[in-house]
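Trainee: Here is how the chains run, residue by residue.
Protein chains: 4
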Amino acid sequence: MSKKIKVAIIGSQFISHIHALSLKRCAEAELIAVASPTPGNAQRFASKHNIPHHFTDYAKLLAMPEVDMIVVGAPNDCHCRITLDAAATGKHVVVEKPLCLNLAEADRMIDSCRRAKVKLMYAEELCFTPKYVRLKQLLDSGALGAPTLLKQSEKHDGPHAAHFWDVNRSGGGVTMDMGCHAIEFFRWMLGRPPIKSVYAQMGTHVHQNKTEGDDNALIIIEFASGVVALAEESWTKIGGMDDRAEVHGAKGVAYADLLRGNAIETYSADGYDYAVEKAGSTKGWSFAIYEEEWNYGFPQEMAHFVDCVQNDKQPLVTGEDGRAVLEVIFAAYESARTGRKVKLPFKTDAKKPSDLWKQIT
Amino acid sequence: MSKKIKVAIIGSQFISHIHALSLKRCAEAELIAVASPTPGNAQRFASKHNIPHHFTDYAKLLAMPEVDMIVVGAPNDCHCRITLDAAATGKHVVVEKPLCLNLAEADRMIDSCRRAKVKLMYAEELCFTPKYVRLKQLLDSGALGAPTLLKQSEKHDGPHAAHFWDVNRSGGGVTMDMGCHAIEFFRWMLGRPPIKSVYAQMGTHVHQNKTEGDDNALIIIEFASGVVALAEESWTKIGGMDDRAEVHGAKGVAYADLLRGNAIETYSADGYDYAVEKAGSTKGWSFAIYEEEWNYGFPQEMAHFVDCVQNDKQPLVTGEDGRAVLEVIFAAYESARTGRKVKLPFKTDAKKPSDLWKQIT
Amino acid sequence: MSKKIKVAIIGSQFISHIHALSLKRCAEAELIAVASPTPGNAQRFASKHNIPHHFTDYAKLLAMPEVDMIVVGAPNDCHCRITLDAAATGKHVVVEKPLCLNLAEADRMIDSCRRAKVKLMYAEELCFTPKYVRLKQLLDSGALGAPTLLKQSEKHDGPHAAHFWDVNRSGGGVTMDMGCHAIEFFRWMLGRPPIKSVYAQMGTHVHQNKTEGDDNALIIIEFASGVVALAEESWTKIGGMDDRAEVHGAKGVAYADLLRGNAIETYSADGYDYAVEKAGSTKGWSFAIYEEEWNYGFPQEMAHFVDCVQNDKQPLVTGEDGRAVLEVIFAAYESARTGRKVKLPFKTDAKKPSDLWKQIT
Amino acid sequence: MSKKIKVAIIGSQFISHIHALSLKRCAEAELIAVASPTPGNAQRFASKHNIPHHFTDYAKLLAMPEVDMIVVGAPNDCHCRITLDAAATGKHVVVEKPLCLNLAEADRMIDSCRRAKVKLMYAEELCFTPKYVRLKQLLDSGALGAPTLLKQSEKHDGPHAAHFWDVNRSGGGVTMDMGCHAIEFFRWMLGRPPIKSVYAQMGTHVHQNKTEGDDNALIIIEFASGVVALAEESWTKIGGMDDRAEVHGAKGVAYADLLRGNAIETYSADGYDYAVEKAGSTKGWSFAIYEEEWNYGFPQEMAHFVDCVQNDKQPLVTGEDGRAVLEVIFAAYESARTGRKVKLPFKTDAKKPSDLWKQIT
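Chains as they are written, first to last, in my numbering: chain A, 1 to 361; chain B, 1 to 361; chain C, 1 to 361; chain D, 1 to 361.
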């Protein structure tokens, strides 16, 4: 068994909390430090997530020899500098999206990590989103035929932290903040082919008082293969986050709504491997589920039972519960035979529930 | 750190595969043995899931002193005997639903586990189903007011294995096989209050040639509190598995469709804690998401990056990808200013993307 | 051409307004009188709907020889008396649901209309609901195979007028008020076969202070054919009216949500006649539209244009609008060729839009 | 009462059948003639729709002095010539979309109709589509705040008739054929303000063998007011017609799926007039129904009953049906009291159903 990876976080805002929670769920990771320049932030963050070390100066964090990997959730304009410093100390680096402010920065980051032989990882979570992973499998399996149009859209009413509104820190508006998701999504879905051209329509429709950045954008990307992709981004859409994707192909179409719809609504002329338990056919319309076992809770259930054994806890569901269910089932079969409501508690010597229905007494 | 729990599986059919896959995802469990009486089944199962020990006789499995806990996925008529034997050897027992064939068996199982001081755990996965867990939180938080009616339904076109159709082995039809889910779901949702009465309508509508059991059932349960619950079960519903629940309360209603549906479609007169990122209001209709971070893939992403560092693998998303995204973003801002399609590759010395939009050159 | 039918309304509450609006849309009907006992109600009603005659005493309305047909929207306890009086004066009678308070009344109403040779029509609108009419066609066409289970449900937060809450006037609670819809729906869907048995679960869960009637009910009906039907009714469901039906058959299933979903979500093992324009296949899942032309607005469009000609009005959409659209289309093809945003107004001598794309100038 | 308008149809393909069926539903129109050049087509069309006159030469149709109005469903390249000829004979003209092939034709059509003092009406049915009419009302009422982005999309797998594929007859591909719907939809929704610019992305992705026209298109329109509109059109989308619209505003958003979707799914920060019966609140998310009475079938029901009286037909729902319903209701209340299934036929002297529940005998 390999040794656990010791991880440190730089940043203490919204996304850094998600990083911390995610790392806590990772059996192979150990979160040991956090750095954030605003006095008190790192301390509160460390306390909340039970992290042993915290710093206002990230240089001290990088100086810890036991740290293997850092996760950068600081504002966009800090990404380059932190990455260069981390590479210099031999740490692997995860950088939250977007990578940095400009192409020169990007080149320097890539180059210095390569020279330092550390990994530079770009945190585009849509490549790991279970429903989109399933969507890519559908496309890759040929379920939809050759793709013609891809769509991805992210919409909400504006970012969490102040630095997003300041283009000097963020580098741009909604195109920079959320368009970056769509762009990598398209590249990943298609196997990262070359892009031929880009067209964009942008506007600052609602938040003129808050930002010089764009708060609404439509972006059309042509891939060299002829596939067209449409990104639709908004910082002015109220009523909750919206995150959706579509893949249109010559032999099918699939709609994936990340937050509202569970299954991927799919039309496939030729059918595909598997939609859902007992689906019958996958030709025509079907509803492709993703991570079926997880959605039923089987792994969670087993983990709970293991925890009960390991730590001598009371299980959520016990033999007594199983018995109570069985009593109701017996009463149900009794009722089905008699046409009457059956009162509980219900005693019976029947050998099995169905005996009561068929009046085998 | 506690020691890992060593687990063995008894059974090799559909549900046992789910048990194995789920245990593999559990960092604290180690799956070390499987038993199944049909020659070859245990071996194939062990090989598929990479389990070191396999037996046709489960007594040999129980004889392994290192096994802490067993998971019983054998047919219903074996549940009692296996549980008694397991308790006698001091193993903790997880029993797949339904608990056993009759109440006398249930009493013996509970009693023998209690005497042997081993845990008897009843594997009702709906109590762990993430969407239903969120539904229970909504109800418990008062979002829906006092409950009036609960509904739960499971429907497909019939069970996987032959023994389900034989009431001598299964104990009953769809009420036994799937009604048991609904019954425990209702009890769990309401905090396991006493049940006052049960009424059931059953029929064998389609599968008369295959079974003496019921293939369709409606079950009405009255709780002592006055709450009514309706279970609707079918083994004749084609077009794929259906698993849904509803909670109707005096101040709201919530619909949870496990496989197709929305994030929980919720109406709350008074509102509640949290629906989804930037939801605005939770009064009236809202769409309550569950396990939001997991559904975005954040934990999966971090686990992947940790794995790359631990095992020196190439990350799925790299610095080069981040740079490619940034190039498109620059091109997008250039396009937004010029009103033209911008060809890639696109070179620019701009310090940040939004500079190209506002023509700060 | 037959002469128009002269119609009178008895009642002035919620449902009578719907009767009036509906009759106004019926080219063959002429609404000429209304009666309501509360002083002022009939007058206001007549004024609102532009009805020439109004009465507080419905006997005067019945005395009008020119009235051919009356529509009774008065409270349930008046249905029998009014019907008997109407029959005595030779008027055809439409009675709003439910028919009356008891079976003796029903027999008298049927008998007296038969003797008077007037039609007694029972206003169950679900038999005319376009989406349910389409649902019945699906069932009748064999798309779903032999039916096993029918469901219909109506739920809201309680009735409009005070007399519904008084069981002496209404005859019962939500079962009487809304269960009657489901019962006739089931009979109609199945071709009105005999019913074998009825089971009901009722409660007064929320409105105990307002009524002695039931405010929630589950009703299970067994037809002689073995088909089971489940009615689910509520006067306590907040968040807007809910009206849904399901038909489960051995070879398919169809879900019709009257208010929220447009198409009927249908699974058919064998397929059926027509789902929607260019549907491809109707095997497996499909989305059966109803009244497709009306939903597109074609009849409304033609009626508007006819009205413009008949009454010399300005059309909603003119030749100038058609020209403006064409200008945009030319600009679009120009843009597609040049990769640039095209400013309007746009002048071109191109013979047709696509010439600009293919640069045939 | 004005005299009925006498209407003639020119064309005999898909859309002309819709014209005929729509005119048949219009009480004020009388369809008296049809013309189509292909031998036999007009005759078959006339026979199918019961139209007294049919011609291969439309000049003969225009020569009929009694014709008030013509509806042109012929291919796009005939629109101009027919309109000029019709204007010369003093007929009002309805022209199916798109108006004609080029702007010079459009100008001549508008001019000649104006001089002849006949109406030139442009048949954009989306301005009459009930769900979109409701969507416009939502926007106009301020429910969504100031609009930022409008979307409309129409997608199917290609046109019905051969002339659509020939750009010499049609003038263009999917942009011409279906983009024209979106363009007028946007203009109408916004009150027809000036358009500032147009950008389009087009491609022939799938039907290269069939057409020189575009089979997929994205069109971005900027209005002078700053509102952006996005049209998305496809002739390659399989699985059935798709017709959807969205309105995004600073204070809300509304989604209207014409064929599948919800009653308009609406988020409104401030609320609006009416969503659906008993909706409670219209702030936040709500589901705005359209043509509620029609969707319930009330006008259809009344028209049926009037027809029964006028033509002495047997009503679909009779007093006997009302009685049968009542019998079930009595049985239901009896069952609710006794907790037993009640067999039918059920006799009772109870004065009203609820008496049986409360055991007032």
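It is possible that part of the hints are untrue.
Any copy will do: because identical chains look the same in the list, a pair fits if it lies in one copy or spans two.
Unchecked claim - Taking lysine to aspartate or glutamate and the EDC-like style, the derived pairs with C-alpha atoms no more than 20 Å apart in a straight line are:
#	residue 1	residue 2
1	358	307
2	48	293
3	136	312
4	6	270
5	251	140
6	60	257
7	351	270
8	313	273
9	136	246
10	3	28
11	358	30
12	151	246
Don't read these hints as lab results, they were simulated from the structure.
Trainee: Next, verify each hint and record whether it holds.
Mentor: Checked hints:
no., hint, verdict
1, 358 to 307, "neither (42 Å within a copy, 52 Å between copies)"
2, 48 to 293, "between (31 Å within a copy, 18 Å between copies)"
3, 136 to 312, "neither (42 Å within a copy, 25 Å between copies)"
4, 6 to 270, "neither (47 Å within a copy, 45 Å between copies)"
5, 251 to 140, "within (13 Å within a copy, 32 Å between copies)"
6, 60 to 257, "neither (43 Å within a copy, 49 Å between copies)"
7, 351 to 270, "neither (49 Å within a copy, 41 Å between copies)"
8, 313 to 273, "neither (41 Å within a copy, 29 Å between copies)"
9, 136 to 246, "within (11 Å within a copy, 26 Å between copies)"
10, 3 to 28, "both (8 Å within a copy, 16 Å between copies)"
11, 358 to 30, "neither (59 Å within a copy, 44 Å between copies)"
12, 151 to 246, "both (5 Å within a copy, 15 Å between copies)"
Hint compliance for this structure: hints 1, 3, 4, 6, 7, 8, 11 are broken, all remaining hints hold.
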